[in-house]
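Asker: This is what each chain is made of:
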Amino acid sequence: MKITVNGTAEETAAMTLDALLIEQGYGEAKVATALNENFIPAALRPEQRLSSGDRVEIVAPRQGG
Amino acid sequence: MPIYYDTEIKSRLMLGTAQYPSPAILAEAFKRSGADIATVSVRREAGDERAGQAFWDMIGDLGVHVLPNTAGCHSVREAVTTAQMARELFDTSWIKLEVIGHADTLQPDPFGLVEAARILTDDGFQVFPYCTEDLVLCERLVEAGCRVLMPWGAPIGTGLGLNNIYGLRSLRAHFPDLPLVIDAGLGLPSQAAHAMELGYDAVLLNTAVAKAGDPAAMAEGFARALEAGRLGFKADPMEPRDMAAPSTPVLGRAFT
Chain F
18 MKITVNGTAE
28 ETAAMTLDAL
38 LIEQGYGEAK
48 VATALNENFI
58 PAALRPEQRL
68 SSGDRVEIVA
78 PRQGG
Chain G
1024 MPIYYDTEIK
1034 SRLMLGTAQY
1044 PSPAILAEAF
1054 KRSGADIATV
1064 SVRREAGDER
1074 AGQAFWDMIG
1084 DLGVHVLPNT
1094 AGCHSVREAV
1104 TTAQMARELF
1114 DTSWIKLEVI
1124 GHADTLQPDP
1134 FGLVEAARIL
1144 TDDGFQVFPY
1154 CTEDLVLCER
1164 LVEAGCRVLM
1174 PWGAPIGTGL
1184 GLNNIYGLRS
1194 LRAHFPDLPL
1204 VIDAGLGLPS
1214 QAAHAMELGY
1224 DAVLLNTAVA
1234 KAGDPAAMAE
1244 GFARALEAGR
1254 LGFKADPMEP
1264 RDMAAPSTPV
1274 LGRAFT
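Residue numbers (this note's numbering), protein chains in the order written: chain F, 18 to 82; chain G, 1024 to 1279.
The set of hints was computed from the structure by calculation and includes no laboratory data.
A portion of the hints provided could be inaccurate.
What the hints assert, rightly or not - Derived contacts from chain F toward chain G, CB cut-off under 7 Å, selection only:
no., residue
1, K47
2, E54
3, A77
For glycine and all other residues, C-beta sits at the position ideal for the given N, C-alpha and C.
One chain only, chain F, in its complex shape:
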């Protein structure tokens, strides 16, 4: 299935957001997620199913002003 992850087109076999994070190598990394511009809390990732064309954002803490 084709989805977009952090602005880049990707082919994924992951059926859920949780599975996508593992597939992308994030594992236990400290990240937050959004699906199609909506925040998805960490606790809901295992049941959040992915569909073709979805836009996923995966963000981490960073320097800021």
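Fit chain G to the supplied structure of chain F, relying on the hints for placement.
Answerer: Just chain G now, kept in the frame of chain F:
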């Protein structure tokens, strides 16, 4: 010292964490200035870098309060979702709300800012809005639930100082009990002292410190200026006057 949403802070300086020459210099700037709040952001990880965890660990070592921002967001939707992601990542309901309205000046979009502030307040956030000094905008933000206001001094990263003294003074007069923080545009400690002399509660800096030749020394300079300006404000300054008035006694002068 300032109290933001029932949390008392030990310093009048909020310090950004971006653009420093190294993490060690960033840490030294916090140490020498005594800044008690660090602003941070959320961003996509670049490649397999996984820099987020290292940055998070470093911020934890600073032992300060963390204020996440929504920097770079140009719409209400982006800002709200970014704030929600930041709340989970940083485990705080504080959010420095930025909804940018113009690409050149990076000035806030006042309409989007009020809408986003209302949504986030209703969602349990404690909002620190990056705003202009416009009185009506600030009244709307307070109506939306903001208990802190953060008007700009000048556009982000310019170092131009306090561009609208009248507007900032007017804002202070209209909101005597609300914490007011100058956010953005400062370049020199003297400008921070001026903000204190106007009765402001704090300033938020990043570029002025991070891009100085010696960031840690500049951070300390700002901290001292804030202390000096605040002392001056509390000491009830004299009224300026146009005509000279001798300070040395006239009576008893020789040769008269």
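Asker: For each hint, tell me whether it holds in the structure or not.
Answerer: Status of the hints after comparison with the structure:
1. K47: The hint holds - K47 (chain F) has a Cβ within 7 Å of chain G, the shortest such distance being about 5 Å.
2. E54: holds, 6 Å
3. A77: It holds, given that the least Cβ distance between A77 (chain F) and chain G is near 3 Å, below 7 Å.
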